[in-house]
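S.K.: Work the whole structure out from these sequences, hints included.
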Amino acid sequence: MEKGKTDKNRKGLKEQERSEREKRYLYWLCKLPVLGAVSIRKLYEYFQSFEAIYNIEETGLEDAGILSEAQRQALIDWRGQLESCWYEYDKLSEKQIRFVTPFDQDYPKRLREIYDYPMGIFVRGDLPREELPSVAIVGARGCSAYGEQLAKEFARHLAGAQVQIVSGLALGIDGCAHRGALKANGLTFGVLGCGVDICYPSSQYAIFEVMIRTGGILSEFPLGSKPLARHFPMRNRIISGLADAVLIVEAKERSGSLITAELGLEQGKEIFAVPGRITDPLSAGCNRLIQQGAHMAISPDDILEFLGVKHQKVLILHEKNINTLAKKEKMVYSCLDFTPKHLDEIMRNCGLEPGECMGILLELELSGFVFRSATHYFGKKI
Amino acid sequence: MNCINFVVPMNSCPCGFYPDRSRCSCTKQQIHRYLGRISRPLLDRIDLCVEAARISFEDLRGMGEQNESSEIIRERVERAQEIQKKRFQGSKIFFNSEMSSKQVKEYCFLGEREEELLQKAFKDCHLSARGYQKILKVARTVADMEGSGRIGRKHLYEAVGYRDLQEKYWGKEDAV
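Chains A and B, in that order, give the protein sequences.
Sequential numbering from 29 applies to the first sequence in our numbering.
Sequential numbering from 95 applies to the second sequence in our numbering.
Certain hints may be false.
[To be verified] With beta-carbon atoms standing in for the labels, derived distance ranges:
id, chain 1, residue 1, chain 2, residue 2, range
1, B, Val101, A, Leu394, 28 to 38 angstroms
2, A, Gly336, B, Cys109, 39 to 49 angstroms
3, A, Arg100, B, Phe111, 43 to 53 angstroms
4, B, Gly156, A, Asp365, 20 to 30 angstroms
5, A, Arg100, B, Cys109, 18 to 28 angstroms
6, B, Lys179, A, Asp365, 50 to 60 angstroms
7, A, Leu256, B, Asp218, 52 to 62 angstroms
[Stated by the list, open to error] Chain B is faced by these chain A residues, among others (derived, beta-carbon under 7 angstroms):
id, residue
8, Val66
9, Gly387
10, Tyr405
[Stated by the list, open to error] 27 angstroms max Cα-Cα, derived DSS-like pairs, lysine-lysine:
id, chain 1, residue 1, chain 2, residue 2
11, A, Lys358, B, Lys214
12, A, Lys356, A, Lys341
13, B, Lys186, B, Lys196
14, A, Lys356, B, Lys214
15, A, Lys211, B, Lys122
16, A, Lys254, B, Lys122
17, A, Lys338, A, Lys356
18, A, Lys356, B, Lys122
FYI, nobody ran anything at the bench for these hints, they're computed from the structure.
A virtual CB, placed ideally from N, CA and C, is assigned to each residue, including glycine.
M.R.: Given below as structure tokens:
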């Protein structure tokens, strides 16, 4: 009995050692820029071991017929980098960065289900939790003030109902989605198109830092990878891959957000889009998606209902209760719209003097009824 | 007298359409970089900052609402100048903008409620000492334009409105 147990232990240890060794070779392979996730997977399926891929003769690689000539050459040349890759691998824990592969227990199951799941992801902070639902919120970088507010509100309500928010840390909708989730003290995860040691765009550093502590920052690209344009469509598949549903808030026709929606659809995720005016170019992408069969997201409830999450109804994101306002405040408020208007126009509509009108608007801004998109542009806050 | 009128126009972003996002696709960074060419210290020395809205075709053709004519505005300005001339009789200055801090104290008296408001604005708008003085001078002028002897809340509000450049617009984006 005793002996059998120790044998089993020894076997387990050996197995562990082997898988750790394999992981180190996989790390080396993931660092090779010309190889995609699918190529690496196919190589593994053919050779059954990453160490073998390292040791195989060139003819053996050729026989496998997976890589192109250029890729094969790059792979052979890359062998010289093994030591430096391993050196870097050993330093990861110091930097509090994890390298998670599909062979690991904590690799996200949602991601494992997509066709071209990444063979290794770099993680700072945590990975999305399996037991909690997660929603990807994406949209235009150059979004409107209205879109910014919507993204924040949707994210805030969803995160408040224990839904994890996944996005791409980009400017505009992405950043607002993260901010909204953070506001509700929810979990939010950012997928980057560069290495996790780079904050791109740098102006998002404030939330980047908070997300490492309270959520997670992840990327398929090795440390130090620059945010190249071709990385972003690849990143988008991970954003939608990590989510149960994808919400597009504002998107022009033919934009990166629509790529995410399409990828999500291929991966079997549910697509939601916020409808907009048909003349609004920033809503054209969303309206098109709805036309093609995406769900129409009028309120966070629509998504929560799909996810089957118990929640308090928020009804429609709507105007605030203005009963508490004074008469003139009500009047000025009623002259506003969700799309910011210029002060002149507001003054003309409500017929007040500049000083009085500005005063009321400033008061309304302080009490959270009104926001500004520029110095003299005011809009209703959702 | 070494005083000049300094008037400068500028666009809100490289393409000039911001905040109309259906036409402007400048990134926040581009906008910051563009506006950042006017340094904050320089901006601080400008008394009135006003954003102009786009003019519609109807307005251009004079088919829209009739605006106040320049003659009427001129009359009001002259009246305000007259008040200031009287105010500064015997001293070396002519206009509110030239007041020293001592004169500001003397001529820009605020009531309790107005004081409170200014205090709030000072904190919220991160005013500099210069900005504080300028708000008072502008508020004095706004009151003069109306022929009001005292600076009221609405005058202060208007003055704040001409200075209150948004941090998020000119400066950095809010954190969370």
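S.K.: Each hint: holds or not?
M.R.: Against the structure, the hints come out as follows:
no.: 1; hint: B:Val101 x A:Leu394: 28 to 38 angstroms; verdict: holds, 31 angstroms
no.: 2; hint: A:Gly336 x B:Cys109: 39 to 49 angstroms; verdict: holds, 45 angstroms
no.: 3; hint: A:Arg100 x B:Phe111: 43 to 53 angstroms; verdict: holds, 51 angstroms
no.: 4; hint: B:Gly156 x A:Asp365: 20 to 30 angstroms; verdict: holds, 26 angstroms
no.: 5; hint: A:Arg100 x B:Cys109: 18 to 28 angstroms; verdict: violated, 47 angstroms
no.: 6; hint: B:Lys179 x A:Asp365: 50 to 60 angstroms; verdict: violated, 44 angstroms
no.: 7; hint: A:Leu256 x B:Asp218: 52 to 62 angstroms; verdict: violated, 42 angstroms
no.: 8; hint: Val66; verdict: violated, 33 angstroms
no.: 9; hint: Gly387; verdict: holds, 3 angstroms
no.: 10; hint: Tyr405; verdict: holds, 5 angstroms
no.: 11; hint: A:Lys358 x B:Lys214; verdict: holds, 23 angstroms
no.: 12; hint: A:Lys356 x A:Lys341; verdict: violated, 31 angstroms
no.: 13; hint: B:Lys186 x B:Lys196; verdict: holds, 14 angstroms
no.: 14; hint: A:Lys356 x B:Lys214; verdict: holds, 21 angstroms
no.: 15; hint: A:Lys211 x B:Lys122; verdict: holds, 21 angstroms
no.: 16; hint: A:Lys254 x B:Lys122; verdict: holds, 21 angstroms
no.: 17; hint: A:Lys338 x A:Lys356; verdict: violated, 40 angstroms
no.: 18; hint: A:Lys356 x B:Lys122; verdict: violated, 34 angstroms
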